[in-house]
Structure formats: structure tokens, C-alpha cells
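Chains as they are written, first to last, in my numbering: chain L, 296 to 620; chain Y, 168 to 668.
Hints in this document: simulated from the structure, not taken from any laboratory.
Don't be surprised by glycine CBs; every beta carbon is placed ideally from N, CA and C.
Any given hint might turn out to be false.
To be verified - Short derived list, chain L residues pointing at chain Y, Cβ under 8 angstroms:
id : residue
1  : 320
2  : 394
3  : 398
4  : 401
5  : 412
6  : 442
7  : 443
8  : 546
Said to hold, decoys possible - Computed list of lysine-lysine pairs in DSS-like fashion (alpha-carbon distance at most 25 angstroms, straight line):
id : chain 1 : residue 1 : chain 2 : residue 2
9  : Y       : 270       : Y       : 532
10 : L       : 375       : Y       : 324
11 : Y       : 265       : Y       : 616
12 : Y       : 532       : Y       : 608
13 : L       : 468       : Y       : 324
14 : Y       : 265       : Y       : 619
15 : Y       : 619       : Y       : 608
16 : L       : 373       : Y       : 324
17 : Y       : 265       : Y       : 324
Claimed, not checked - Beyond 12 angstroms from chain Y on every Cβ pair, some chain L residues (computed):
id : residue
18 : 331
19 : 372
20 : 419
21 : 451
22 : 568
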Amino acid sequence: MAEFIDLVLLGMLAITALRVIFLKDLFAVVMLFGIYSFLSALIFVNLDAVDVAFTEASVGAGISTVLMLGTLALTGRKEKTSNHPALLPLLVVGVTGAALIYGSLDMPPFGDPNNPAHQHVAPRYIEDSPQEIGLPNMVTSVLASYRAFDTLGETAVVFAAAIGVLSLLGLPKRDRQAIESGLKSHLVLRVVAKLIIPLTILFALYVQFHGDYGPGGGFQAGVIAAAAIILYALVLGLPMATHVVQPALLKTLAALGVLIYAGTGVANFFLGGNFLDYNMLASDPVAGQHIGIILIELGVGITVFAAMLSIFYAFAGQAERTNIQ
Amino acid sequence: MLEQHFPVLPIVLPLMAAPICILLGRSQLAWLFATLISGLSFFISVALLLTTLDQGVLSYALGGWEPPWGIEMRIDVASALVLCVVTGISSLVLVYAKESIAKEIDRSQHTLFYAAHLLCLTGLSGILSTGDAFNLFVFLEISSLATYTLVSLASDKRCLTAAFRYLVMGTIGATFILIGVGMMYMKTGTLNMIDLAARIAEFDGNRTVNTGLAFILVGVSIKLALFPLHMWLPPAYTHAPSAVSAFLASTATKVAVYVMVRFIFTIYGAEYVFYTMSMDIILLVLAIVAIFKCSFMATVQSNVKTVLAFSSVAQIGYMILGISLVSSAGLMAGLLHIFNHALMKGALFMAVGAVFLRTGSVDIKAFQGLGRQMPLTMAAFAIAGLSIIGVPLTAGFVSKWYLVTAALEQQHWIIAFLVLIGSLFAIVYIGRILEAAYFQKPSEITEEKDIKEAPLLMLVPMWILVLANIYFGIETSVSVSAADAASQWLTQPTATMGAAQ
Numbered sequence: 296m297a298e299f300i301d302l303v304l305l306g307m308l309a310i311t312a313l314r315v316i317f318l319k320d321l322f323a324v325v326m327l328f329g330i331y332s333f334l335s336a337l338i339f340v341n342l343d344a345v346d347v348a349f350t351e352a353s354v355g356a357g358i359s360t361v362l363m364l365g366t367l368a369l370t371g372r373k374e375k376t377s378n379h380p381a382l383l384p385l386l387v388v389g390v391t392g393a394a395l396i397y398g399s400l401d402m403p404p405f406g407d408p409n410n411p412a413h414q415h416v417a418p419r420y421i422e423d424s425p426q427e428i429g430l431p432n433m434v435t436s437v438l439a440s441y442r443a444f445d446t447l448g449e450t451a452v453v454f455a456a457a458i459g460v461l462s463l464l465g466l467p468k469r470d471r472q473a474i475e476s477g478l479k480s481h482l483v484l485r486v487v488a489k490l491i492i493p494l495t496i497l498f499a500l501y502v503q504f505h506g507d508y509g510p511g512g513g514f515q516a517g518v519i520a521a522a523a524i525i526l527y528a529l530v531l532g533l534p535m536a537t538h539v540v541q542p543a544l545l546k547t548l549a550a551l552g553v554l555i556y557a558g559t560g561v562a563n564f565f566l567g568g569n570f571l572d573y574n575m576l577a578s579d580p581v582a583g584q585h586i587g588i589i590l591i592e593l594g595v596g597i598t599v600f601a602a603m604l605s606i607f608y609a610f611a612g613q614a615e616r617t618n619i620q
Numbered sequence: 168m169l170e171q172h173f174p175v176l177p178i179v180l181p182l183m184a185a186p187i188c189i190l191l192g193r194s195q196l197a198w199l200f201a202t203l204i205s206g207l208s209f210f211i212s213v214a215l216l217l218t219t220l221d222q223g224v225l226s227y228a229l230g231g232w233e234p235p236w237g238i239e240m241r242i243d244v245a246s247a248l249v250l251c252v253v254t255g256i257s258s259l260v261l262v263y264a265k266e267s268i269a270k271e272i273d274r275s276q277h278t279l280f281y282a283a284h285l286l287c288l289t290g291l292s293g294i295l296s297t298g299d300a301f302n303l304f305v306f307l308e309i310s311s312l313a314t315y316t317l318v319s320l321a322s323d324k325r326c327l328t329a330a331f332r333y334l335v336m337g338t339i340g341a342t343f344i345l346i347g348v349g350m351m352y353m354k355t356g357t358l359n360m361i362d363l364a365a366r367i368a369e370f371d372g373n374r375t376v377n378t379g380l381a382f383i384l385v386g387v388s389i390k391l392a393l394f395p396l397h398m399w400l401p402p403a404y405t406h407a408p409s410a411v412s413a414f415l416a417s418t419a420t421k422v423a424v425y426v427m428v429r430f431i432f433t434i435y436g437a438e439y440v441f442y443t444m445s446m447d448i449i450l451l452v453l454a455i456v457a458i459f460k461c462s463f464m465a466t467v468q469s470n471v472k473t474v475l476a477f478s479s480v481a482q483i484g485y486m487i488l489g490i491s492l493v494s495s496a497g498l499m500a501g502l503l504h505i506f507n508h509a510l511m512k513g514a515l516f517m518a519v520g521a522v523f524l525r526t527g528s529v530d531i532k533a534f535q536g537l538g539r540q541m542p543l544t545m546a547a548f549a550i551a552g553l554s555i556i557g558v559p560l561t562a563g564f565v566s567k568w569y570l571v572t573a574a575l576e577q578q579h580w581i582i583a584f585l586v587l588i589g590s591l592f593a594i595v596y597i598g599r600i601l602e603a604a605y606f607q608k609p610s611e612i613t614e615e616k617d618i619k620e621a622p623l624l625m626l627v628p629m630w631i632l633v634l635a636n637i638y639f640g641i642e643t644s645v646s647v648s649a650a651d652a653a654s655q656w657l658t659q660p661t662a663t664m665g666a667a668q
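The whole structure should be built from the sequences, with the hints applied where relevant.
Next comes the structure, spelled out in C-alpha cells:
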């Protein structure tokens, strides 16, 4: 049954991808990208990788769609037709595809428990992490402790992305006499948004702090919290949103998140441990791991929230400036 | 007490300094702080190089988790040598940047520039220090994202197209590397490099493992701008701010060459890549075409930064040529050229940046008559240019010498001859600029203006690099013995590498 569901989902994925290639209306393309992400999320669920599915749904389908729509607001929704013959790109894509298929010939059988990926390092994560780290969610154990340095790197990637967008577009200024914008006149939207936003923020906090026990963690929580403010900005206008969460504050928060994460790592230097060795943070190693993971997840959440929201602000601010002109 | 953490500090210091630069908010403060942190990283890197020359390899378990379960920093002579180059050039460029970006980057973006520079340094140091294949990819992403930002910061709007092109190509390269790492993981269940090496050695002619190698090599070739995947590089280096061109030209592509060396020699094994897969022929041909095609392209450009950019692609050809000779001597020549080329290209781009500061142009016409108006800057350009050509008593001569010797050692007379012919092109493209500077009258760009010598803060780092070019051209024992130790270390069988802890 699982294989059948996989096949159906993969088929839909392929159809969506083909549609994306041939459609000229970029608005529809962005929507299809959202569908593509949701389909991938479903495949991940079917593979029992709920953490990955959650991330894909919140980042891939949620925030990326909003950011791509923000881009379309600046560039227009029609794709330019090019007269270049695309033979060379076609050849490159063809060769790459052929190489991928060739590479799959000796791949280990799908879903076999004897595969190398399940036999070498994974057993220790599964068997020993409850004693060594003490968390029921092994994904969090790997992500936040065994391979915490990767996660620190990923947080830095998000921070670098925010710096890149801010250097290109800049943040909007907080403006008290800003013109009315947003969808204020839509009563239904406004009422529904007001109902949803507090719940979304509450959910974000749940995802942030429940990541140790269930799917979730800083990345997803940061994105969900940012989505709540973005919804507020869409309905009530960017100027209102910048009153609630100030652009200048976001810059500080994004920097602070990275510092919290790296600072947690450095703190261990002075307690006699290696970088990111949380065992030293408390007298009991497992308690130390717990403190460490909560702290670094907090850092991730803050940076992701601030980075995503400031990227949205930068796009929306630019769009608003173009409208005024 | 901190000494045991040295392997991770060149990454952690700039990583924490980048957000602090944003918090500091003021251009001057951010400059001072970034320069100090970068300088500190340089001293730590030198200490690491000395330790590795003495003890062989340093292993540092992140989070206290022993490899392969946790991530390991693994520093040998090769990584420490390139780490010294990267942190050293970064420090000099930061000193130089203060005056340079004041003209080229909008004031409100100065702190963002310093933060992006430090993030780029973080990424490059991480790539060099890590012993974990996926961790390498993560740091590659940090440095790449920061690099695209740095290129796009110039006030000349053409930098945006260049940065976008770089972003598209760079992302394809990174994706290819990720696909390759994924295929390796699928077959081995590990990401640690030494562990990977041991487990990959068990497969012979496995199609998934081979395809993984192919994807990684193509991805890295895009990142290091190997001909014909170099088309992103000339526009990016031409339109980026001068300080950024100086930093990237002497570090980013060199680190990518290091990544290639690491994957070939440490993970897959030179025997496998070169003898079983015959990659050496492909690399050799591409390297020689790169040297000739791009050296020729450099001779016909009128924008001096473009000249230097094409020259960079050609010089990368020399490094890859050294690797493809499949010998310890060849690899050593390649590594030595990474070191020496950073010294010369850094100095050249800094000199061009100084000319841009004073004349507002980097066209070859702007250089006319500058020999008299900016004597120190042009003298720096001339000496670094001689080093690119490979004139004796400069660093460039030393690496060419070892490259030719390595080729002759294997009776490759034609290759040795081609290397020497390649230098003739360098005489043309550097000579054109020197001729304009010393033997031509000022053109319409400069004749009306009163051109002053570059400010001290730009001259000092520039001349440090120029003097280093001469120093390492005469007193070769330090650089040569480090490169030699690194190549000895890399070419020994991987099994003993694991044991040498």
C-alpha cells in the first residue's frame, strides 16, 4: 500500500514539475511550487520522516511561496519568451538526468533495513541517544547534538541569506504617516486573520519548545511565527506590521540568534568541554544536553523568525515604494 | 587553555564576529572589529600550521562526540597551509577595505559588507578544517551565499547581473556536490571523510559510487572555475568591489581547488580516481586548454580587472595541471601555486582598486602615465605582475619551477614546454598594462585630474603582499617545505592517515 501511495505521489510530482516548465504565468508557477512542496511533504510523511515533512511544508510550501509572490509583485507575473535555442541547456539536463539514472543502478534496494545507511552510524543514534541525550525525538538529538555543528552552519546560512537580501533591498523605514495599504476593507479576511494570528503564534511557541518530544524545533517554529506576522502585514498593511515588529529590531534579533547558538558552544570552553559539548552545562550530562538543546533551538528559532520576516519586509517595502512612485 | 580549541576557532571567531558587526552598527567600529578578529584567526592558523608540521594531524570532536557519529575537525598540513593563506589575505584585505569601500560601497551598507566578509571567511575556514563531507557542504553554502552578497554590493549596477549569474552557476555546483555526497552516504552510511575513504575502498567499480564521484568533480569544477565551467568568474571579479575581487581571487577558487584535492586524494584515493577512472587525462587537457584559452582572452581585454580575472582562470589551470600529473611532486607544485598565486593576485587586485579609487576607472586607458602619478601603486603592480609571469626572484617563478620539474620528472616534455609558452602570454597581458603606465602619456580620463598616490591604509597591505612575493621567491624553505609536507601527507595511503591520530 505504501508503495502504491508513493507511486501516485511521485506521478503527481512529475506532472506538477512538467506544468511548471511549460507555464508562462508565473503566478500559477508559484502556486504549483507550493503544491510541489506539499506533495514532497506527503512523500516524506509516507517515509515516516515527519520532521522533514514538517519543515518542507512550513518552509517549502509556506514561506517560500510568500517570498516568491513578493518577488512577483516587483517583477510582474508574465515570463518573457526567449528566442534563444535552448539546445545546450537541454543537452546538459539530458546528460545530468542520464547520469542520475546510471547512478541509481547500483543503489541499495529501497527500504531494506540492511542498507548501509541503516547499519553504520544510525544504530547508535537509535539505541544510545535516549541514554546519552535523553530525548524521545531522535531527529532532534542528531540535529541538535550529534551534528549540532551542521545546524549552526545552517543557521549561519539563513543569517547570510538575510544579510544578502537586506544589502540588495534594504529594510522599510517605520513610518507613522504611511498611506493605507493592505486588505483592510475586507471584513471577513480581517476577522478571520485576527482569529488565526494569535493561534499561529501560540502554535509556533509549541513547536519551538515541543521539538524535543515531537516533530518540530527552531526552524519550523521560526517560520511559523514569521508567517503569523506576514499574515498580519498582508491584511492590515506593511506600516501596521512594522509598528508591531520594528524592522530595526529584526536585524538585532537575527544577529542575536546566531550569537545565542554559537555562545552556547563557546560557553563549554570554560567548563572544560569541546565546542558544543553540552554535557558540561549541568552536573548531570543528560540535563546538560537538555539545557544546551533548548538554548540552541532558541537561537535557531530567533534567527529564522527574524531572517524570514526581514526578507519579507524588504520585498514588501520595495513593492510599496514602487507602487507610490 | 584555549589552545586545544584552536582547530575550531578560525571558524567560530568570524562566525560570532559577523552578527556582532551588525549589532555594532557603525562602519568604523565594524571595520576595526572585523580586522582584529580576522588577524586573530590568522595567528591561530599559523599556530595550527606549525603544530601540524610537527605532529601531522589534529583532530577535534565537535560536541565531544567521537567520529563518525559526531562531526570532526581534521586539520593536516594541507588544510593548515591554505587556512593561513585565507585568513592572512582576509586580514590584509580588511585593512585595505576601509578606504576602498568608502568610495565603492554605499555608507549604509558598510556593516553588511563586513558581516558578509566575515561570513565568507567562516565558510572558507570551515571547508578547510572539516573532516566531514556534509559539513563541508554546509560551509560551502555559507561562503557561497556571502560571496554572492559581496559581489552584488558594488555601486556599479552591472555587478547585479554578474552576481546573479554567479549565484545560478554556484548553486548548480553546490547541488551537484550534494547529490554526490548523498550517493556516497547511500552506499557507505557515513559522512566522515576517513571513514568514507575506508568504506569506499571496498567498492570496486560500483556505479553509484562512481556517479557520486562524477557529480562531485563537476560540482567542484564549477566552484573552482575550471575551463569550460568558468564563465561566471570574469564578470563577477570585474564588477565586484575592488576589495572583494582581491579577497575572492586569492581565496575562494583556491579553497575549491583544495576541496577537489581533498575528495580525490583523501576520500576516493588518487589510485582510484586517476588509474581506474582515468580522470587525470580529462583534468590535464582541461587545464592546458584553460591556460591557453584564458591567457589569450586576458591579452585582448581593455578592462584591467577582466584581464586579471581571465588570468586567474588560467592560473587555476596551472594548479589543476599540477594535480593531474599524478605525482607527489605535481601535487606539491599545485599546492605551492595556491599559496603563491594568492600573494600575487591579491597584490594585483589591490593595486587596481587603488587606481580605481584615484581615477574612477579600471580601463587600461586610466593606467596611462600612472607610473609617474602613482609610483608606489604601479611599482607594486609591476612586481606582482612579474611574479605572475614567473620572473626569477619572485614567488611565481618558484611555483612554475616546481611545476616544470614535476612534469620533467615524468618525461612530459611537451607539458613542461606548454607551461613555459603559457608564461609568454602573461608577459603580453601584464606587459600591455605596464607599457601604458610607464611609457604612455596620460589619457583623457586622467590628464585633467590631479592624481595622488593611494592612501597609506591601502598601500601597506598591498606592499606587504608584494614583499611577500619577493620573500617567498628568494627564501623558499618555508612555503616549499609546507607544500611538500602537505603533498606527502595527501599522497600516502589513506589507511595510515587514519592511524596517525
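Each hint tested on the structure:
1. 320: Hint on residue 320 of chain L: violated, closest Cβ of chain Y at ~22 angstroms, above 8 angstroms.
2. 394: 6 angstroms, holds
3. 398: 3 angstroms, holds
4. 401: Holds, about 4 angstroms.
5. 412: 5 angstroms, holds
6. 442: 6 angstroms, holds
7. 443: Holds: closest Cβ of chain Y sits about 5 angstroms from residue 443 of chain L, inside 8 angstroms.
8. 546: Holds - the Cβ of residue 546 of chain L comes within 8 angstroms of chain Y, reaching about 6 angstroms at its closest.
9. Y:270 / Y:532: Roughly 20 angstroms between the alpha carbons, so the hint for residue 270 of chain Y and residue 532 of chain Y holds.
10. L:375 / Y:324: 21 angstroms, holds
11. Y:265 / Y:616: 23 angstroms, holds
12. Y:532 / Y:608: 10 angstroms, holds
13. L:468 / Y:324: 23 angstroms, holds
14. Y:265 / Y:619: 18 angstroms, holds
15. Y:619 / Y:608: The hint holds at about 16 angstroms.
16. L:373 / Y:324: 24 angstroms, holds
17. Y:265 / Y:324: 21 angstroms, holds
18. 331: 16 angstroms, holds
19. 372: Its Cβ never comes within 12 angstroms of chain Y, the nearest being 20 angstroms, so this holds.
20. 419: 6 angstroms, violated
21. 451: 5 angstroms, violated
22. 568: 6 angstroms, violated
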